[in-house]
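S.K.: Residue numbers (my numbering), protein chains in the order written: chain A, 28 to 186; chain B, 172 to 272; chain C, 45 to 470; chain D, 45 to 221; chain E, 12 to 409.
Read the hints as simulated data drawn from the structure, not as lab findings. Be aware that a few hints might be false.
Stated by the list, open to error - Only pairs whose alpha carbons sit at most 20 Å apart, straight line, appear in this in silico EDC-like list of lysine to aspartate or glutamate:
no., chain 1, residue 1, chain 2, residue 2
1, D, 218, E, 73
2, A, 164, E, 360
3, E, 244, E, 231
4, D, 218, C, 442
5, A, 88, A, 147
6, D, 80, C, 131
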Amino acid sequence: MIAKLKGQYGSGICEANTYLGQNYMVVDPSIVSDLLQILRNREQFDYCVDITAVHYPEREKQFDVLWILYSFSKNERIRVKIMIADGESVPSAVSVWATANWLEREVYDMFGIRFDGHPDLKRILLPDGWKGYPLRKDYGIIQQDQEWVKANLGIESGQ
Amino acid sequence: MAPIGTLHYLVVAAALFILGVIGVLTRRNVVIILMSIELILNAVNLNLVAFSRLWGLHGQVFAIFVITDAAAEAAVGLGILIAFFRNKETVNVDEVDLLKW
Amino acid sequence: MLDYITSYLSSNTTPGQAGNVFWALVYIMIVFGGISVAVMAMNWLERKALAHFQIRLGPMRVGPHGLLQPIADAIKLMTKEDIIPAEADKFVFWIAPLIILCASFAIYIVVPFGPTHAITDLNIGILFMLGVSSLSVLGVVMAGWASNSHYPLIGALRSSAQMVSYEVAMGLAVVSAIVMTSLHGLGPYGVGVGTSGTGTLSMIGIVQAQQEQHVWFLFKFFPLGFIAFGIFAIAMVAETNRAPFDLPEAESELTAGFHTEYSGLRWSLFMLGEYAAMIAVSSIAVTLWLGGWYRPFPNTLTGDTWDLVFSLFPGLTFLALAAIAFVGVRRMPKHPYFRVQTIGLAGFGAVLGLIGLILFVPPVRDRIQDIYWFIAKVAGFMYLYIWYRATFPRYRFDQLMKVGWKVLLPIGIGVLILTAILGVVL
Amino acid sequence: MEQAIQPGMQPVATTFFFYLLSGLTLLSGVFVITRKNPVHSALALIFGLLAQAGLYLMLYAPFVAGVQIILYAGGIMVLFLFVIMLVNLERSQREERFNKQWVVGLVAAVALGVLFVVVYVKGKALFPYRIAQPLENSNTQQIGVMLYGQYMFAFEIASLLLLVAIIGAVVMAKKRI
Amino acid sequence: MTDRTMFDLKPTDPKPADDKYLSHLELGEPDKTFLDTNELVINMGPQHPATHGVLRVILKLDGEKVLGTECVIGYLHRGVEKIAENRTYTMFNPYVDRMDYVAAVSNGLGYCEAVEKLLNIEAPPRAKYIRVILTELNRLASHQLWLGTHALDIGAMTPLFYTFRDREEILKIFEKYCGARLTTHAFRIGGCQYETYEGFERDVVKFLDFVPPKIDEYEELLTTNRIWLERTKNVGVISRADAIALGVTGPVLRASGVKWDLRKAQPYAAYSDFDFEVPIGANGDTYDRYTVRMEEMRQSLRIIRQAVEKIPEGPIMAKVPKVMKPPVGEIYHSIEAPKGELGYFIVSDGSTQPYRVRIRPPSFVNLQALDIMVRGALVADVIAVIGTLDIVLGEVDR
């Protein structure tokens, strides 16, 4: 499968490997939209387990965005990973897997990564209007949006 | 006080009738107009029942028919009201001045 | 004056018919006070019985086995802050619980607890009862509307639609029972020598017709009476908004339905009205189908011995209750902390026993018998109510309407027609 | 009121009850036509109808009284309340409650009232003072016999009318036909 | 509500919220006439008896028909994933119990196994068996809690008390084993902290004999009850394709006819040693989810019985370094929690603290299916569907 995809995309697939028995591939952000489509339709990865991101502030391309996919027919998992810089947006997978809706909203909520083509991209766990993206490494563990807390809860601090 | 006779009931019925007429003629809200019509019908019923005390049960039978009619009238009237309200967003009778909307 | 009071006692009729205002007032007070007490007792019994259905203990803290819980509840409700929402229509909000309360209490005017133990006997008794019970819909609608809030309004619309729909089925079932009063057909359990030709709408008349025809209408034209009774038994649960038809108060959907915004005393008026209505419709069912105040087999098991046996029941019941209380006393923890409660329970048992003994006194025994049998039958229905509540899930609104209009109504019409035909043919 | 039903019994305080009930009826009639809020009007009308049922009882018409309570108070008024809740009231409450011809209406009504008075005064002889014989206990049965005997045709027509009304109301109020 | 009417007269947004992928649901055009177009917007929750916590659902209604829903979640958000980045691997272990607090043991199992995988160690067989027993007991407890609350939502009060009575026995076993009843923290990375207590097997076997008649009792109350059938059959239907697209897992997916259970598909712990069935439903309606869960309870009992019979002797803790420093790398490990696939994606940077922990909560993803399941249904069905999804807000919000 990897060979077939490599044949199709060439250098678009940067790395395809196995770690601790788990397959993953690192791909170029430009092809990921197509790739997810193909994985879903041709390779039968019909179940999108999770979408998430990891923040590496010291890297130039700060964010890893991951899709964890599963195929019922093959009983096989694969992780698709792209690296993007802060401010770049990622194509949305909502049209491929409906479940991506809330998962992408959560990634946006926590990391501030925008998804192009998402029908309703807004915060999901944190309240609307909250400033900052908590799962970025530069967001302290006890940091909070004091202004929001004051304005909406009428207290000095939520801690 | 004089013993209560038929005339007393007739006077009450007449007063009720007039109240109903005033309501129908002066109010704008269709719902209240329909209620005023109920008042009028009730006045009639009171008359009928009062007379039935003198001349047999026919009056009471008629009162029952009148109540039946009142039910039918209320159902259809309120149905029209709903249809009307749906189209015109009003329940005021003096705004129903178009044959077509 | 004294004559006026005593003259009624010799007249063998209800105070209403005797035109005796004094006794009418006394009866009204007895009945309404009794119903209020019954509602409180019912409150306790429901919580206890429901708890035991559900492997819980129920109220245990206030008084022995929570016996004083209803009183504590009443005090709590009366002293609670009375909240009227700011946007509510004050007057309607205020009057809605009173309408429900009046409607459910007014039914008792015609409920015959015995041949003379009724406030009055209207010759349109059953019609009066149907009419008055339908008035409580008004209270429900007004409560929902006056609260000026979404959930109460939806609850009110639901419950009024429900009550109006089930009234139809209820009315049909009642009519088929009324038709039976004028027919003397031979049911498998009846011997059929009663009056024929003239029926009656009077509640006392209906019970007497059952006695004259030697059959409970439940068993008349078997299974027709049974089906009609079934329709009534279902419709009356829906009519009183109880489980499984408790949609207006479906707490998981509409929080508390039409009385969501009510609190304190007003809320307790709703509850009082609801329980009073439950007891009222059960009394109607007993009157129409279960022989009213008559003891079982009044015509077959006759003779002095049987009379004596059946007249002992009231006293025996109270003695049994007293025995239960005493068993409870024995099972109370022996810790001094529970001493007051133990003594209280023992005292309660003693009172019950004393009442039981008084009920064995022949004059009392004879007078109380009718009331006893009536209440015993009603209590059966009350137990059914609790049982339903413990067993059934709740209907959805459209399903409820479907049951009312597509099942009960056609069956009711069919039963009515068949009853009439059978009555003419037989 | 219930005393009045039984034959042979002297009704208690007839006069008092008559004035009480008719006063309630008229008062609620006044409330019906003057209240701004239709729900209050409906509430007043309900009380009026119940008081009138009491009057029927005093007139030895228990069956009509029962029908009045069931049909009017329990049925028709629920319908009214339903509809009032379905249509928006806020606007109509803020608006003028009487229409422009209210003077004309009032005059016409008063004229009608005068006519009634004249008729009553002139025709007093027509309504002889006569305590009517209370009908027997079997009022309901007699009405039944009349409904199904003498007035059979009218009864059937009435049922047909109700059927038409049901269909009409459903057609009118349905969202899509 | 400012005006006193059923019908809100304000013109409403004609654009439906998000019905792009509602393949099977033809909602039809909104009506053009006046009374029909206006929607009633009702706010259900966050303080509502039937939302199982602080879930807020905004319902758009036409009368009582649901036109659309929007879930507002996050009221219970505690930033578990952020906390993980600031704790060592061992320290974070108890935190996961607080997510799905009715199935704390499963959460712990998933986390421990994921870290074990990252450390490349394996728990000893006896530990694995203990894990299986406790996890399956917990699944049973979770399902019992679900059944009680679900039935209560539909209006049947009594099952709640029956299920709590029987759940109590499970909690007693937990309490005896690890001292806690709800948030157990039963497992440690590398195995189990505690050896089974004296009489553990006896207690479990006693429970296994005790509970099957109780499950029959629940079923007696509900399975053939007409009202229950009417309330659950064809309510909240989700087709197989939609279920897969929406990523729902666990009993919700299985009720839609997908025979997929991680315990079978990718066995973890000691599940490959046991013989059990994966029950599936046919229609994907609420009733199917009910029957699937009921059957799952019985299968759990079967697994526990086998595990208790075959439990090996031996150590319960693998050799684990005092200071855990997993090699740099990423791992995704998931288990079949009572609610569905519970996944942990852990990134290690070689230090004592995880660089990133992502938790894939089953309730969160399953809750997404609420909208598609209730469109066109009635308000009462929303209650039933929220109940049947078996969500725990602690897990949805994390």
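S.K.: Each hint needs a verdict: does it hold in this structure or not?
M.R.: Against the structure, the hints:
1. At most 20 Å may separate the alpha-carbon atoms for a hinted pair to count; residue 218/D and residue 73/E meet this at roughly 15 Å.
2. Taking the CA atoms of residue 164/A and residue 360/E, the gap is about 13 Å. The hint holds against a cut of 20 Å.
3. Of the pairs offered as hints, the one joining residue 244/E and residue 231/E holds, with about 17 Å between alpha carbons and a cut-off of 20 Å not exceeded.
4. Restraint check for residue 218/D and residue 442/C: satisfied, since their Cα atoms lie roughly 17 Å apart, inside the 20 Å limit.
5. Of the pairs offered as hints, the one joining residue 88/A and residue 147/A is violated, with about 26 Å between alpha carbons and a cut-off of 20 Å exceeded.
6. The suggested pairing of residue 80/D with residue 131/C holds, with an alpha-carbon distance near 17 Å, which does not exceed 20 Å.
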